[in-house]
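There are 2 protein chains.
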Amino acid sequence: MRAAYTEKIADLATSLATMCRMAEEAMGQATQALLQADLPIAEKVISDHDELDTLRASCEEKAFALLALQAPVAGDLRSVVAGIQAVNDLDRMGRLALHVAKITRRRHPKQALPEEVKAYFAEMGRVAVHLGKGAAEVLETHDAAMAQDLLDEDDAMDDLHKHLFNVLMDREWKHGVAAAVDVTLLGRYYERFADHAVEVARKVIYLVTGRFPEDVVA
Amino acid sequence: MRAAYTEKIADLATSLATMCRMAEEAMGQATQALLQADLPIAEKVISDHDELDTLRASCEEKAFALLALQAPVAGDLRSVVAGIQAVNDLDRMGRLALHVAKITRRRHPKQALPEEVKAYFAEMGRVAVHLGKGAAEVLETHDAAMAQDLLDEDDAMDDLHKHLFNVLMDREWKHGVAAAVDVTLLGRYYERFADHAVEVARKVIYLVTGRFPEDVVA
Numbered sequence: 001m002r003a004a005y006t007e008k009i010a011d012l013a014t015s016l017a018t019m020c021r022m023a024e025e026a027m028g029q030a031t032q033a034l035l036q037a038d039l040p041i042a043e044k045v046i047s048d049h050d051e052l053d054t055l056r057a058s059c060e061e062k063a064f065a066l067l068a069l070q071a072p073v074a075g076d077l078r079s080v081v082a083g084i085q086a087v088n089d090l091d092r093m094g095r096l097a098l099h100v101a102k103i104t105r106r107r108h109p110k111q112a113l114p115e116e117v118k119a120y121f122a123e124m125g126r127v128a129v130h131l132g133k134g135a136a137e138v139l140e141t142h143d144a145a146m147a148q149d150l151l152d153e154d155d156a157m158d159d160l161h162k163h164l165f166n167v168l169m170d171r172e173w174k175h176g177v178a179a180a181v182d183v184t185l186l187g188r189y190y191e192r193f194a195d196h197a198v199e200v201a202r203k204v205i206y207l208v209t210g211r212f213p214e215d216v217v218a
Numbered sequence: 001m002r003a004a005y006t007e008k009i010a011d012l013a014t015s016l017a018t019m020c021r022m023a024e025e026a027m028g029q030a031t032q033a034l035l036q037a038d039l040p041i042a043e044k045v046i047s048d049h050d051e052l053d054t055l056r057a058s059c060e061e062k063a064f065a066l067l068a069l070q071a072p073v074a075g076d077l078r079s080v081v082a083g084i085q086a087v088n089d090l091d092r093m094g095r096l097a098l099h100v101a102k103i104t105r106r107r108h109p110k111q112a113l114p115e116e117v118k119a120y121f122a123e124m125g126r127v128a129v130h131l132g133k134g135a136a137e138v139l140e141t142h143d144a145a146m147a148q149d150l151l152d153e154d155d156a157m158d159d160l161h162k163h164l165f166n167v168l169m170d171r172e173w174k175h176g177v178a179a180a181v182d183v184t185l186l187g188r189y190y191e192r193f194a195d196h197a198v199e200v201a202r203k204v205i206y207l208v209t210g211r212f213p214e215d216v217v218a
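Quick mapping for you: the protein sequence lines, in order, are chains A and B.
By the count of full-length UniProt numbering, the first sequence reaches residue 218 at its end, each step adding exactly one.
By the count of full-length UniProt numbering, the second sequence reaches residue 218 at its end, each step adding exactly one.
Please note that the accuracy of each hint is not assured.
To be verified - Covered stretches of chain B (in silico footprint by chain A; criterion: 3 or more residues with CB under 8 Å from a CB of chain A, positions within the stretch not fixed):
1. 61-71
2. 84-90
3. 159-170
4. 179-189
Claimed, not checked - Subject to a maximum C-alpha distance of 20 Å in a straight line, what follows is the list of computed SDA-like cross-link-like pairs (lysine to any residue):
5. A/K8 - B/A71
6. B/K118 - B/A156
7. A/K110 - A/L35
8. B/K62 - A/K8
9. B/K174 - A/E172
10. A/K133 - A/L151
11. B/K162 - B/E172
12. A/K102 - A/E43
13. A/K102 - B/L168
14. B/K102 - A/N166
15. A/K110 - B/A156
16. B/K102 - A/H163
17. B/K102 - A/H161
18. A/K174 - B/G176
Bear in mind the hints are in silico, worked out from the structure with no lab data behind them.
Every residue gets a Cβ at the ideal spot worked out from N, C-alpha and C, and that includes glycine.
Bound conformation, chain A alone (with noise of 0.2 Å):
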């Protein structure tokens, strides 16, 4: 019996880590697709989220059934509650990746980005995808320190964001509102699902120690 109902937490971790990599391969993807203005990758990304969606309401049923099934307590109750608020934290990541492949198919043929730009977005692509394998691989592992790892790492894409913002407020930004919209709505996206990873790193250090990282004296 408890031998079963920890195999039954493992899997939804494992379903959870799953979710976690179809949202970093999406904001892969969607990246190369934005900085090549490639539009059948584009197309896979948007073709693609059903199936993360899927795999949404089976890891809501999962943690649902976990607790009707058996009242579990304190770690395992909190891994089953850090997983039913992971869920959305991995739904998020998966819709801006969408939200980036569709940016580009609005725009295609022509670019979404301006050269000026393109940079920036490689790399904030590059810490995004950085991250979300971590998370991916914190969900996994449960390994606290990797997860407080993660924490610092997000500094990486605030700054990005930052340099980013004073690019498109500087006079001399010569491409039109169109472009500054989109580069802004963008670089949200890159900056939001940074923070999602983020939070899943999070959940898992309060999943493992009962308390979020900021309850912690450094």
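Starting from the known structure of chain A, fit chain B onto it as the hints suggest.
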């Protein structure tokens, strides 16, 4: 025992409704601050936010205790799970109001909004507050019919957001890129606020009916 448990679940619902009212009031005040470039009101929204953070933690603890204390089933379990999920939406609503207040503060004593788009934001603010009030009410009453009405009312926000983007993308936009960036972000914040209020309504429908609205044949 049973009566005491039901009372604790009702207490969680009341706390969630309080969180929702605080977020809705914050968005109302943030909109007023934005439209009038009123720094004291913006500062109030920013300093009041801590209270919402405290209430969030308290809601999470209450929900967790409800699961740990007793093994709820069926409707009770759905109430607690929906509560755990709703806390996240309510937290986001509060943060989005905070973002609006922070843009107002950053631009002060200048106006963040060109006169041309003020009417859009007055109306988006009105819709956001209306949806927020509605969400608070359905959190308290668990009225699924009222929750369904809120789902339909979100269209008003989507329409406003689309119109706003048309204004921004128009070649006649003459307020420069910096204002366009602010307006883009602000529009996104109001749209997301409405999305979260609607998501809260969806969760109430789920906890009452056991099914999410999209599963129900219209």
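Hint check results:
| no. | hint | verdict |
| --- | --- | --- |
| 1 | 61-71 | holds (count 6) |
| 2 | 84-90 | holds (count 3) |
| 3 | 159-170 | holds (count 3) |
| 4 | 179-189 | holds (count 5) |
| 5 | A/K8 - B/A71 | 18 Å, holds |
| 6 | B/K118 - B/A156 | 17 Å, holds |
| 7 | A/K110 - A/L35 | 11 Å, holds |
| 8 | B/K62 - A/K8 | 25 Å, violated |
| 9 | B/K174 - A/E172 | 16 Å, holds |
| 10 | A/K133 - A/L151 | 13 Å, holds |
| 11 | B/K162 - B/E172 | 17 Å, holds |
| 12 | A/K102 - A/E43 | 8 Å, holds |
| 13 | A/K102 - B/L168 | 19 Å, holds |
| 14 | B/K102 - A/N166 | 17 Å, holds |
| 15 | A/K110 - B/A156 | 31 Å, violated |
| 16 | B/K102 - A/H163 | 19 Å, holds |
| 17 | B/K102 - A/H161 | 17 Å, holds |
| 18 | A/K174 - B/G176 | 11 Å, holds |
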